[in-house]
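Chains A and B are the protein sequences, given in the same order.
Here the first sequence is numbered in the working numbering, starting from 15 and rising by one per residue.
Here the second sequence is numbered in the working numbering, starting from 875 and rising by one per residue.
Careful, some of the hints might be misleading.
Unchecked claim - Restraint-style ranges between C-beta atoms, simulated for each label pair: (1) 28(A) - 934(B): 30 to 36 Å; (2) 953(B) - 26(A): 36 to 42 Å; (3) 881(B) - 42(A): 37 to 43 Å; (4) 68(A) - 938(B): 39 to 45 Å; (5) 97(A) - 946(B): 36 to 42 Å; (6) 901(B) - 28(A): 28 to 34 Å; (7) 930(B) - 84(A): 27 to 33 Å; (8) 896(B) - 84(A): 39 to 45 Å; (9) 879(B) - 71(A): 28 to 34 Å; (10) 941(B) - 112(A): 32 to 38 Å; (11) 939(B) - 70(A): 41 to 47 Å; (12) 881(B) - 24(A): 32 to 38 Å; (13) 75(A) - 904(B): 29 to 35 Å.
To be verified - In silico lysine-lysine, DSS-like type, Cα no more than 27 Å apart, as pairs: (14) 72(A) - 36(A); (15) 939(B) - 82(A); (16) 51(A) - 881(B); (17) 939(B) - 881(B); (18) 82(A) - 56(A); (19) 85(A) - 71(A); (20) 939(B) - 56(A); (21) 56(A) - 72(A); (22) 72(A) - 85(A).
No lab work stands behind these hints: they were computed from the structure.
Glycine residues also receive a C-beta, built at the ideal position from the N, C-alpha and C atoms.
So you can see what is in the structure, the chains are spelled out below.
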Amino acid sequence: GENVEQHPSTLSVQEGDSAVIKCTYSDSASNYFPWYKQELGKRPQLIIDIRSNVGEKKDQRIAVTLNKTAKHFSLHITETQPEDSAVYFCAARGNSWGKLQFGAGTQVVVTP
Amino acid sequence: SAVISQKPSRDICQRGTSLTIQCQVDSQVTMMFWYRQQPGQSLTLIATANQGSEATYESGFVIDKFPISRPNLTFSTLTVSNMSPEDSSIYLCSVEVAGVRYGYTFGSGTRLTVV
Numbered sequence: 015g016e017n018v019e020q021h022p023s024t025l026s027v028q029e030g031d032s033a034v035i036k037c038t039y040s041d042s043a044s045n046y047f048p049w050y051k052q053e054l055g056k057r058p059q060l061i062i063d064i065r066s067n068v069g070e071k072k073d074q075r076i077a078v079t080l081n082k083t084a085k086h087f088s089l090h091i092t093e094t095q096p097e098d099s100a101v102y103f104c105a106a107r108g109n110s111w112g113k114l115q116f117g118a119g120t121q122v123v124v125t126p
Numbered sequence: 875s876a877v878i879s880q881k882p883s884r885d886i887c888q889r890g891t892s893l894t895i896q897c898q899v900d901s902q903v904t905m906m907f908w909y910r911q912q913p914g915q916s917l918t919l920i921a922t923a924n925q926g927s928e929a930t931y932e933s934g935f936v937i938d939k940f941p942i943s944r945p946n947l948t949f950s951t952l953t954v955s956n957m958s959p960e961d962s963s964i965y966l967c968s969v970e971v972a973g974v975r976y977g978y979t980f981g982s983g984t985r986l987t988v989v
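All chains should be modelled from the sequences, with the hints used to inform the complete structure.
Printed below as a string of structure tokens:
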């Protein structure tokens, strides 16, 4: 089955700086890669996603890049703000039953 | 995107008892997924529920412990049976929503504490 590794586990950035989170996946047939933001006590919220036929996608301050050859994808947050502080999860959908496999999560702390 | 109503939002239960968690979706969906999220951890898939067929369980999860019902395309339940303190966790349902914004949406979660 699919295996997703996520790094780093924690990330501290100064407000205004950029944050990058990286994930690797094992199943070359995986075709969908979402990123979720989870604030304390709340449900995971989809913030951006990318399909395997696209190399990069951007939505305002958030971007995701996908390298299918290397089987890794990354989340980029520019001009970070305190409200970006949360746990971020990457995920990959492999080849069976549409289920998502999640990475371990990255705790992002943005300090003013 | 789909709106999921999940209940209860939280419960405190005695060991040895069972709790049934419900998820209601405002649109018809083919598959519903049940996850467990232990404190400070990632999301672990328990099972995938299709309407009209038996749920498919992930390694480490069994039907006797986590029976699932999926009577129609908008509703599912997960029961946590014969609970022990190790079952204390957040349980979330999720659905895949096709369309322009294609993604998976989560219910608000059920915070379960077993004492």
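Checked hints:
Under the hint 30 to 36 Å, the C-beta atoms of residue 28(A) and residue 934(B), about 41 Å apart, miss the expected range. Here the CB-CB span from residue 953(B) to residue 26(A) is close to 41 Å, well matched to the stated 36 to 42 Å. Checked against the hint of 37 to 43 Å, the C-beta distance between residue 881(B) and residue 42(A) comes to roughly 40 Å, which is consistent with it. Taken as a hint, the range 39 to 45 Å holds for the pair residue 68(A) and residue 938(B), whose Cβ atoms sit roughly 43 Å apart.
Taking the beta carbon of each, residue 97(A) and residue 946(B) are about 38 Å apart, inside 36 to 42 Å as hinted. The given range of 28 to 34 Å is broken by residue 901(B) and residue 28(A), whose C-beta atoms sit roughly 42 Å from each other. The hinted range of 27 to 33 Å is satisfied by residue 930(B) and residue 84(A), whose Cβ atoms lie roughly 30 Å apart. Taking 39 to 45 Å as the suggested C-beta distance range, the pair residue 896(B) and residue 84(A) conforms, at roughly 42 Å.
The beta-carbon spacing between residue 879(B) and residue 71(A), approximately 30 Å, falls within the hinted interval of 28 to 34 Å. Evaluation of the 32 to 38 Å hint for residue 941(B) and residue 112(A) yields a failure: the beta carbon distance comes to about 22 Å. As the Cβ distance of residue 939(B) to residue 70(A) is approximately 43 Å, the hint placing it in 41 to 47 Å holds. In this structure, residue 881(B) and residue 24(A) meet the distance hint of 32 to 38 Å, their C-beta atoms being roughly 33 Å apart.
The supplied range of 29 to 35 Å is met by residue 75(A) and residue 904(B), whose beta-carbon atoms lie about 34 Å from each other. Restraint check: the Cα-Cα separation between residue 72(A) and residue 36(A) comes to about 16 Å, which is no more than 27 Å; the hinted pair holds. For the given pair, residue 939(B) sits about 38 Å from residue 82(A) by alpha-carbon distance, which is inconsistent with the 27 Å threshold. At most 27 Å may separate the alpha-carbon atoms for a hinted pair to count; residue 51(A) and residue 881(B) meet this at roughly 22 Å.
Simply put, residue 939(B) and residue 881(B) have alpha-carbon atoms about 19 Å apart, close enough for the 27 Å limit, and the pair holds. With a C-alpha separation of about 31 Å, the suggested pairing of residue 82(A) with residue 56(A) is violated against the 27 Å cut-off. Among the hinted pairs, residue 85(A) with residue 71(A) is consistent with the structure: their alpha-carbon atoms are about 16 Å apart, no more than 27 Å. Simply put, residue 939(B) and residue 56(A) have alpha-carbon atoms about 26 Å apart, close enough for the 27 Å limit, and the pair holds.
Restraint check for residue 56(A) and residue 72(A): the C-alpha separation of about 25 Å stays at or below 27 Å, so the hint holds. Distance hint between residue 72(A) and residue 85(A) is fulfilled; the C-alpha atoms sit about 19 Å from each other, no more than 27 Å.
Going down the numbered hints, you'll see the structure goes against 1, 6, 10, 15, 18, while the others check out.
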